[in-house]
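Colleague: Protein chains in written order, with this note's numbering: chain A, 996 to 1106; chain B, 34 to 328.
For the record, the hints were derived by calculation from the structure and aren't laboratory data.
Computed footprint of chain A on chain B; a stretch qualifies when at least three of its residues, placed anywhere within it, have a C-beta under 8 Å from a C-beta of chain A: (1) 156 to 170; (2) 191 to 203.
With a cut-off of at most 30 Å between alpha-carbon atoms, the simulated DSBU-like pairs for lysine-lysine come out as follows: (3) A:K1093 <-> B:K225; (4) A:K1031 <-> B:K208; (5) A:K1093 <-> B:K208; (6) A:K1093 <-> B:K227; (7) A:K1031 <-> B:K53; (8) A:K1093 <-> B:K168.
Far from chain B, some chain A residues (derived; all Cβ distances over 12 Å): (9) G1013; (10) R1084; (11) G1106.
For glycine and all other residues, C-beta sits at the position ideal for the given N, C-alpha and C.
Listed below, chain by chain, are the residues.
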Amino acid sequence: MANIEKITDANFSEKVLGADRPVLVDFTAAWCGPCKAMAPAVEDIAREYDGEATVYLMDIDESPDTRHGQGIMGVPTFMIFNHGEMIERFSGSMSRSKLAAALEAVVADAG
Amino acid sequence: MSQNRSSLLALIDNAERSGKADSALPFYATPASEIAAFASQHALDISFVYLVMTFATGDTAVWRRMIEALPEDADTRLVTVRWISWLWDDPEIGFRARIQDSVMRANGDAICALHHRAIRGEPVARSAWRQARAKLLPSGDSDAVEAAAAEGIAAAAWDLDRSPGVATDMIYPWKAILFAEIGRDLEWDTSKQKAADERRNHMVAAARAHAEAAVEKARKLGELSSEQLENVATSPLYQNAYNQGANDFLTQFPSELDRYGDRTRVAVADLYRQGREGLLQQIESLSAAPVSTAT
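Using the sequences and the accompanying hints, generate a full structural model.
Modeller: Put into structure tokens, the structure is as follows:
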């Protein structure tokens, strides 16, 4: 997913909790097949909401502190934040429309 | 037969012979860029490749059936659009029949119309797709089946050029529809689900105990190599004993609580069979009648 920035424990606070616009984080792992299947959907959402929200990827194996801190029990997990507050959380595969609707609701509130 | 189709059928033959379909043909974990390259190489629309690989589930016979049924120079994007319309409209399977609200039905119809406009080459703005999705957000008083049916058609409301995988997204809400209908039939509620989860935990514990006892017995008899002992949980001995333990538990303690799980498993298998058959129908429709993109 070349067009989505990957974040780690080192910059999660700055990029997500300190962001001034809605953020969708896709918690993923290299070994996770469903995460790979969801990857095109996450890319589509990143393109669709470019300029309105930011989408990041986080590999849970490379970022154990955030994994524990956010209580990630499985992947894929998607979390939507606004001004540092976690607004929505989903686990497992889903349609891009469902994920987009949740993000759009936060974007609308933020606007 | 076109060169593209011959080379693809040869690839399917090789995959069949080698028994390694997933390394030769795209599957759910194949990166999007490789799916796009595969589609381009074989002159197929990417959205069509997503559908075939989803319903083939690694079965080369399904790939062969789909590709052999394609007419020469078929417009495979049209197959995808017709499949979306079929899953929306079909009187038995379709999502449309699950929605009572006439406005919501019309909003679903509008999404199919947008796809047909796009395939005729008419421009459809990104905002039109977005508005179409927004109109299908369930209201608070929608029941679970109706809400999932609306989500099902909303799942397809994206430009296929930019988002070729959206037709397969319809499968998630399709499952949700079927599960909600089964739940309604069985009057399934959270307390029954909690009890079913507890029963499953007991079954897993019994199956693990059975498998571990089988491994211990084999170890004492010296029947396991050191390599097998390192990966014992994935060994056939462990897996077979685990399955036997689970079956013994289910036979010894039959319960009505298994009905929901049993029915949803059957429903998912039916979903994939129906989706496959529906896709084949759309492929065959290309040669059965002149190409029409009218809605």
